[in-house]
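> Take a look at the letters that make up each chain.
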Amino acid sequence: MAVVQFIFDGIREMFRGPREYWIWLGALAAIVAFGAWSYSQQLMHGLVVTGMSDQVSWGFYISNFAFLVGIAAAAVLLVIPAYLFDRKDIKDVVLIGEGMAVAAVTMAILFVVADLGRPDRLWHMLPGIGRFNWPVSLLAWDVLVLSIYLLLNLAIPFYILYSQYRGKEPNFRLYFPFVVVAMFWAISIHTVTAFLFSANPARPFWHTSLLGPRFIASAFASGPALIIITLQVIRKVTSYNISQSVIDTLALIMTTALQISLFFVGVELFTDFYNEGAHAASMHYLFFGLGGFASLRSWIWLALVLNVIAVVILMIHPLRRKTRLLNIACVLAFIGIWIEKGMGLVIPGFIPTPLGEIFEYTPTSVELGVAAGIWAFGILVFTLLAKAVIAIKQGKISRAPKGVSYTL
Amino acid sequence: MSKNGSSGDNGGNFDKARRNFLRTVGMGAAATAAQPAWGGETFQDAFADFFQKDYRRMSAEEIEAALERIERRAKRRYDVDINCENTPPQEGVVFGYAINISRCKGYRDCVHACVKENNLGRDSQVQYIRVLQMDQGDFNLEHSDHYYDPETVPVEGKHYLPVQCMQCDDPPCVKACPVEATWMEPDGIVVVDYDWCIGCRYCMAACPYWARHFNWTDPEIPAEEMNTNTHYLGNRPRPRGVVEKCHFCIHRTRKGQQPACMEACPTGSRIFGNLLDPDSEIRYVLANKQVFRLKEDLGTEPKFWYFSD
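Residue numbers (this note's numbering), protein chains in the order written: chain A, 55 to 462; chain X, 236 to 544.
Everything labelled a hint here was simulated from the structure, so no lab data went into it. In this text, a Cβ means the ideal position worked out from N, Cα and C, and glycines have one as well. Careful, some of the hints might be misleading.
Incomplete in silico selection of chain A near chain X, CB under 10 Å [to be verified]:
#: 1; residue: His99
#: 2; residue: Asp174
#: 3; residue: Leu176
#: 4; residue: Met179
#: 5; residue: Ala194
#: 6; residue: Ala335
#: 7; residue: Gly345
Construct all of the structure, not just a fragment, from the sequences and the given hints.
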């Protein structure tokens, strides 16, 4: 029954902390409650309370979903150096990264569920009693890879922490195969999510083989941006020791990824605008507007400016090494990619419609409320997981014999 | 032709006596066993609706029970006695459609007939057919006017293009659906099981013809305008939160009638028929007219052609 004790101790640690910690949890819970109330409006009246339409049939929910799958995938950037290159400094934070992956996948799944017209019929997907259109439907693929990724990111840290809790060295040969699977799986979740869009010749804006690489590149910029900020917050509010070398490595990865990501954007712009065919219509709508409609224009230019400022800070070594500037770059890149890969990717795919109609989309307050609730829920999940992880890593909760301590 | 098709094991052809017997028993049980609860629905119905299997896996009896529930639901919601059937596809029939675009004058009689025939939501203004108005000499859909509303049509210097579900033979919407709630029947019609659809709308993103529509809210249909002759896979009243589309008037065409849009067309632009019958009018058109299909380059193999005189 050591496992039960372990889970019990872990959960108790999650809900133990100073006043500030409780205020933080309470604030998040309040936003979650507001999101739940917004969602109840949607359940009561139907998706008519959103800004979506037959013309723009996916909106803010699926935009956030696409972005968050990228954040989840980025955990691999800690997993690879920690387990494959045996970087001790990164091993100290890899479990926090995996906790972030768990939170991000949870949010991604919640965004898809929030988007469903009939959430009561989710069981139709279950194998056996339902019908699961695998391997033909890319959405079926996405459900599959995300669920398994969630399990992997729960199972591996669980095993490692449980070992440490009992004062035992985790069996490397037992968990390493799963770590290898998780590495490939991280790439797969975001590739499959890109394929979900690019598999549609009906939507020329998405129907490009560059979409997969673009997704990976932008994820490897936005993911580290979030991790860098998060690690600094943890360093500030806890006594957990996080080496500066971790942040330096992540900053370097982010620099490269953001450069590649911006290069890809340029490649797309060139291909679409050099010979401006019908396929460029969505791109034209996004960047310049179409037929007098241009609700995304200022957003996408803002995203571009944010990303360019971020990449300039990152590329110049003396600037990147200043923590303050690095943090600014992280925030800018995170917001920039959130706009670019979220609303900037999903919405223009629907404008104009396949029959050439231009019909715009603006999220309603219900959608914003539900989205805020889901984000708060994800942050709450991460906070609780990180709290327990750090306590166990620091040996604060343990059933180990006295005097035993391990590095992993 | 129907490589994705499957009629399943339901068969569905019941004689009237058995049908009426089942109906009497069903109604009797519902009337005696339960008082309204569950939002006006009996607990038995709500329970059976929730656990209803998908159309292609239901037994003949289960389909019968589902049809009864659909009829009771319509009575409750709209206070109309509808008849919901499950007419199976005919052997040796694959439906196809052709439109003579030099005859179409943009009257939209097809659109309005379709709305009535198929019990489309009036408030939501769902329309399966969209008639595009374009300048003579221009065939770019992005230049088309979807909401033309002149005093009289045809307008000088304009031409008209009606678009609806193309009943693709390699339908991207069917591939997209994660729960197999949409498929192609053996007679070539792409249908939706409204009781199985989870409302993810991936099919809508996948369709190159903008043929799929979503019930963002409960469809409003005036009781006196309800078409009571309905089909499970066709024009029965739809629930909220699911996708629907043109089904070639499956409740009519499987009985040898014309689709409502064709019957309503005042110019005789519309030609519907069995692609497997060499003597059919549609086969004549395909053999003797210069035909083309919309977005043929996408490889979806529409069973919907356009031609001109």
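> Indicate, hint by hint, whether the structure satisfies it.
Now for the hints, and whether the structure bears them out:
Residue-level restraint check for histidine 99 of chain A holds (minimum Cβ-Cβ distance to chain X is 7 Å; threshold 10 Å). For the restraint placing aspartate 174 of chain A at the interface with chain X, the shortest Cβ-Cβ distance is roughly 7 Å, inside the 10 Å limit, so the hint holds. The beta carbon of leucine 176 of chain A comes within 7 Å of a beta carbon in chain X, closer than 10 Å, and the hint placing it at the interface holds. Evaluation of the methionine 179 of chain A hint against chain X yields a held restraint, the C-beta minimum of about 6 Å falling below 10 Å.
Against a cut-off of 10 Å between C-beta atoms, the interface hint on alanine 194 of chain A holds, since the closest Cβ of chain X lies about 4 Å away. At about 6 Å, the closest approach between the beta carbon of alanine 335 of chain A and any beta carbon in chain X falls short of 10 Å, and the interface hint on this residue holds. Taken as an interface hint, glycine 345 of chain A checks out: its beta carbon lies about 9 Å from the nearest beta carbon of chain X, inside 10 Å.
Violated hints: none; the structure is consistent with every hint.
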